[in-house]
Every structure is written in C-alpha cells, then in structure tokens.
Amino acid sequence: MPYSESDTLSLKRKVDHYKEVLQNTRHYRELWKTGLKKNIIESLETLAKAAGLEYDIEEREEIENLEAVVLTLGHSESGLGEPVGSDMRRDLIKQNGSLVYQQLFNGKVLVLINYPFIEKYGQPQPPKTIAIYRPQELKEPYYLQHMVTFVTDITSWEDYDDDAPEPNQRIGFKMNFEDGEK
1498 MPYSESDTLS
1508 LKRKVDHYKE
1518 VLQNTRHYRE
1528 LWKTGLKKNI
1538 IESLETLAKA
1548 AGLEYDIEER
1558 EEIENLEAVV
1568 LTLGHSESGL
1578 GEPVGSDMRR
1588 DLIKQNGSLV
1598 YQQLFNGKVL
1608 VLINYPFIEK
1618 YGQPQPPKTI
1628 AIYRPQELKE
1638 PYYLQHMVTF
1648 VTDITSWEDY
1658 DDDAPEPNQR
1668 IGFKMNFEDG
1678 EK
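Note that my numbering has the sequence shown beginning at 1498, numbered continuously upward.
It should be emphasised that the hints constitute simulated quantities derived from the structure, not laboratory data. C-beta: ideal position from N, C-alpha, C; glycine also. Heads up, a few of these hints could be off.
For lysine-lysine, the following DSS-like pairs were computed, each having C-alpha atoms within a straight-line distance of at most 25 Å [claimed, not checked]: (1) Lys1605 x Lys1516; (2) Lys1535 x Lys1605; (3) Lys1591 x Lys1625; (4) Lys1516 x Lys1530; (5) Lys1605 x Lys1534; (6) Lys1625 x Lys1535; (7) Lys1636 x Lys1535; (8) Lys1591 x Lys1617.
Label pairs and their calculated CB-CB ranges [unchecked claim]: (9) Glu1551 x Glu1616: 14 to 24 Å; (10) Pro1623 x Glu1539: 23 to 33 Å; (11) Ile1590 x Tyr1657: 14 to 24 Å; (12) Leu1601 x Thr1505: 29 to 39 Å; (13) Val1512 x Thr1649: 41 to 51 Å.
With the hints as extra help, turn the sequences into a complete structure.
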C-alpha cells in the first residue's frame, strides 16, 4: 500500500526533530569541551573564595562526554568513634558534601547536591537535583544561586533537629492553631 506525502508528514516531522536532538547533543558536548567546563570551574572558585569557603575542585573524566566538575568540601573526622578492641577507638569519617555539575549522556548539564554523611551512621541521603540545563542556559547568576542553595542545604543538614516539623507532616486541625501561635 503506497503512502501519500500527507500520510507521512507527521512521521517526517518527528524524524526531523529526532535529528535536531542528536545534533544538539553533539553541539552541547562541544560547548562543554570548548569552554563551559572551564567557566564552571572559574565561577565556583571565584564564589567560594569570595565567601571564604574551604573547598576543592575535582574534575571527573573517567568517561568521555560524561564528565563532571565537583566542588567538594572534602572529608573530616566526624567526632564520632567506634571502639576497636578494649583500648582503641576508630574515628568515623564524615563526607562534608559537594556541589556537582555533571555532563549527561545528551550533553545537558545536571546540577546536584551531595549531602554530607557519616560512614556507618545511617544511609546517605540521595542527591538533591537542582536542575538540568542546556549549556547555553548556564549563566553567571545561576552559579551564585546554586552556591547559596548548596551552603543553605548543607548548613541545614549540619544543624539538624526536630524543632521544625516537615511541611508534609503538618496535617489536620493542628495546622491552624500552629499558624496562629507564631
């Protein structure tokens, strides 16, 4: 059965869009290589230094086109220790958190926060995705916004307590009374 041009028009549009997406992937990957990665590193270094934040920048390049730039706060002794034998103690290590710019398979950039965690003390929280950007969408104001979000979130992790109820736990009639008491 022969198909008319009008029959295949929708399919042709979808194929054209598919080809455009593939071309975008190649273009996004090239932008990462030719300047975006360097711009991310410079912006993070400038902001961290201006704020007095102790940090390291790691470039992860194990797989081409899945590279990442990681601003990490490193690791430290947690202050917690486990007994080893009768007269020794082993310090538990705390990973202090990181802000990650990860190149995705399609050349877009995933920005996420890895929360701090202490080894052998529960499970690490899953990373928090801030956003996914096309390379040309990552502008200077976003780096500042990401750093503010990162520092705010890790500060909340460090200052954890149960004084403030989680928003999804505030249900029922109690909510009206709590709002009036403030």
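Q.
Going through the numbered hints above, which ones does this structure break? Give me the numbers in ascending order.
A. No numbers; nothing is violated.
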